[in-house]
Amino acid sequence: MKVLVPVKRVIDYNVKVRVKADGSGVDLANVKMSMNPFDEIAVEQAIRLKEAGVVEEIIVVSIGVKQAQETLRTALAMGADRAILIVATEDVQQDIEPLAVAKLLKAVVDAEGPGLVLCGKQAIDNDMNATGQMLSALLGWSQATFASELAIEGGHAVVTREVDGGLQTIKVAMPTVVTVDLRLNEPRYASLPNIMKAKKKQLDEKTAADYGVDVTPRLSVVKTVEPAGRKAGIKVASVDELIAKLKDEAGVI
Amino acid sequence: MAVLVLGEVIDGALATDQLAKTLTAVASLGAVTVLVAGAGGDAAAAEAAGLQGVTRVLFADDAVFSHAMSEPTAALVVSLAGDYSHIVAASGAYSKSVLPRVAALLDVMMISEVLTVIDGDTFERPIYAGNAIQTVKSMDATKVMTIRTATFDGAGVGGSAAVEKIAVSVDGAMSAWVEDKLAASDRPELTSAGIVVSGGRGVGSEADFAMIEALADKLGAAVGASRAAVDSGYAPNDWQVGQTGKVVAPNLYVAVGISGAIQHLAGMKDSKVIVAINKDEEAPIFQVADYGLVADLFVAVPELTEKL
Ligand SMILES: Cc1cc2nc3c(=O)[nH]c(=O)nc-3n(C[C@H](O)[C@H](O)[C@H](O)COP(=O)(O)OP(=O)(O)OC[C@H]3O[C@@H](n4cnc5c(N)ncnc54)[C@H](O)[C@@H]3O)c2cc1C
Ligand SMILES: Nc1ncnc2c1ncn2[C@@H]1O[C@H](COP(=O)(O)O)[C@@H](O)[C@H]1O
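From first to last, the protein sequence lines are chains S and V.
Here UniProt numbering is used: the first residue of the first sequence is 1, the next is one more, and so on.
Here UniProt numbering is used: the first residue of the second sequence is 1, the next is one more, and so on.
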């Protein structure tokens, strides 16, 4: 079985984002970019499935600007076998929406025939949490979102999901789309020799037009602003002072 | 404009608070129909019908919708979609699984975590863990969206909408429920509690987390946790507050042994009053705290619990 892992290039999660003063967006110039943390977890899971002999080939796909090939090289260095870059825009400020991403991924699935797609649950830039579910719907496949455990058993996947009240286990028919949550695994780091080897792995470059998918946004961004800030309050010297403040000043207890 | 709101049913009970807050958020958009799906959800449907602002309740009384499986639920919503301009639900694991499917099947974009409905096409939503707020205008015929309910007041009771049973045949063969491991608790629910006490990595162990719980119980509060506390096994996953956990906005949020990473702040910075207890006076959590106590939590928390 092949597994497909879509990986997104996003602003590194340690970077404090700066909202541009003119409301046109978030400043992405000269900012450290990395693989979406959830996608690292998805790549790691694919590698573990391969190590367990459940998967033969891991294909990683990224959609966006040309620079996303760095993200794909990282995934190849972790252990993915081959990569597909779909250039859908030249503008680093333009985010490709989950609907368009899902349509492109569907085209890749149709061409490659994987038995499993492992997505991140959420991209930490647009915080949409939608792409995997959309892809599953377009394919007419089953889905298992927010996975914290995954086992492939014959024609099914048994998935434990992080839901609002705790954990839920479901059994879905293969092929399926699984979106991964934080506690599924701890991703490995790529070793130096593997980073070198990754440079020689196959990376095919395509465009959105190659797949006949229109990536025109459905949501136009009117403006992007900083949220109303919160002022730091005061430091209290003791538990007694804290209780007094909460009772008399804030009136919350 | 007409709005379809998907209500959630958990073990036969309506997730009333979330639904009531969603009703407030979408009140300006038009007449609201609530969809309740799941076998034996009669009481849930009746409860939805009693909420103010609900014009009609559709009740799909079929076992295929029990356990909130996404594929049949999405198919049900899509079968009804033609009558509505907006398809909405409170943001949560259920809606986030179902509604993006619905959006894709309708060939429209998903609009996740709406903070403000400006008009029928225009919405505010957070990006980058809430470090930026984007105003988006949808060009799609049907708007499919989840609402971040934390800051809304719930619609009241006293409504008397009609409940209409609907029969829909959808295929539920692709996925099957196996089991739920839901923690039963007498504490208030995290997302609707007036006070939340959260513990972080600083608490140090699952055993010591009992100290956080004791403080919470003294305050009648819900218990939350940072990702680090959950990852370390001190607290269950459903307690995680943050960008990728739950978003809360209680009257009082007490952060104990939590450094205040942006991903954590994303889930609690709209709380009315924030208290931070941390031994590191440089911890970023103090930048958002109304009252900061620089102290060893192992001393301060028992003392606080004792004196309250
Ligand atoms: C994709 C992604 C998603 C994430 N989502 C979330 C999320 O939803 N929610 C979330 O919380 N995090 C999330 N994180 C993790 C986040 O970046 C931080 O790592 C996490 O919030 C840190 O948790 P913490 O504050 O408990 O731990 P730490 O940062 O280790 O802080 C522990 C604090 O405890 C204090 N302390 C230690 N001992 C004591 C003592 N005896 N008395 C008093 N204080 C003490 C220390 O001074 C320190 O400030 C996410 C990260 C990523 C990459
Ligand atoms: N541009 C993209 N390229 C590759 N994968 C993507 C892209 N956008 C989203 N994804 C995948 O979909 C997941 C969820 O993203 P989102 O729906 O945008 O929150 C991510 O974790 C990725 O696995």
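Among the hints, a few may not be true.
As the list claims (entries may be wrong) - List time: in silico PhoX-like cross-link candidates among lysine-lysine, alpha-carbon distance up to 20 Å: (1) S:Lys235 with S:Lys247; (2) S:Lys16 with S:Lys231; (3) S:Lys2 with S:Lys66; (4) S:Lys235 with V:Lys279; (5) S:Lys66 with S:Lys201; (6) S:Lys199 with S:Lys66; (7) S:Lys201 with S:Lys50; (8) V:Lys218 with S:Lys247; (9) S:Lys201 with S:Lys2; (10) V:Lys307 with S:Lys247; (11) S:Lys50 with S:Lys197; (12) S:Lys206 with S:Lys66; (13) V:Lys137 with S:Lys235; (14) V:Lys181 with S:Lys247; (15) S:Lys231 with V:Lys272; (16) S:Lys32 with S:Lys20; (17) S:Lys2 with S:Lys16; (18) S:Lys2 with S:Lys32; (19) S:Lys223 with S:Lys20; (20) V:Lys218 with V:Lys307; (21) V:Lys272 with S:Lys223; (22) S:Lys66 with S:Lys200; (23) S:Lys171 with V:Lys181.
Unchecked claim - Computed spacing ranges between beta-carbons, pair by pair: (24) V:Ala167 with S:Glu153: 54 to 64 Å; (25) S:Val54 with V:Glu281: 41 to 51 Å; (26) V:Gly233 with S:Glu153: 22 to 32 Å; (27) S:Asn194 with V:Lys181: 36 to 46 Å.
Think of the hints as simulated: they come from the structure by calculation, not from any bench.
Where is the CB? At the ideal position from N, CA and C, for every residue including glycine.
Inset, instruction - Assess, step by step, whether the Cα of Lys2 of chain S is no farther than 20 Å from the Cα of Lys32 of chain S, and give holds or violated. - result: violated (31 Å)
Inset, instruction - Take a quick look at whether Lys16 of chain S and Lys231 of chain S sit within 20 Å of each other, Cα to Cα. - result: Holds, because 18 Å separates the two Cα atoms, which is no more than 20 Å.
Legend entry - Pair hint outcome, Lys2 of chain S versus Lys16 of chain S [Cα-Cα no greater than 20 Å]: violated (37 Å)
Legend entry - Pair hint Lys218 of chain V and Lys307 of chain V, alpha-carbon separation not exceeding 20 Å: holds (10 Å)
Legend entry - Distance restraint between Lys66 of chain S and Lys200 of chain S, which requires alpha-carbon spacing of 20 Å or less: holds (18 Å)
Inset, instruction - Measure nothing beyond the straight line between the CA atoms of Lys307 of chain V and Lys247 of chain S; if it is 20 Å or shorter, mark the hint as holding. - result: holds (12 Å)
Inset, instruction - Quickly compare the C-alpha distance for Lys272 of chain V and Lys223 of chain S to 20 Å and report which way the hint goes. - result: Violated, at about 26 Å.
Inset, instruction - Sort out whether Lys2 of chain S lies within 20 Å of Lys201 of chain S, counting only the CA atoms. - result: holds (17 Å)
Inset, instruction - With a cut-off of 20 Å on the C-alpha distance, tell me whether Lys171 of chain S and Lys181 of chain V pass. - result: holds (15 Å)
Inset, instruction - Starting from the hint 36 to 46 Å, judge whether the C-beta atoms of Asn194 of chain S and Lys181 of chain V obey it. - result: holds (37 Å)
Legend entry - Restraint check for Lys199 of chain S with Lys66 of chain S, where alpha carbons must lie at most 20 Å apart: Measuring from Cα to Cα gives roughly 16 Å; hence the hint holds.
Legend entry - C-beta pair Ala167 of chain V, Glu153 of chain S: status relative to the range 54 to 64 Å that was hinted: violated (34 Å)
Checked against the numbered hints given earlier, this structure breaks hints 3, 13, 14, 17, 18, 21 and 24; the rest are met.
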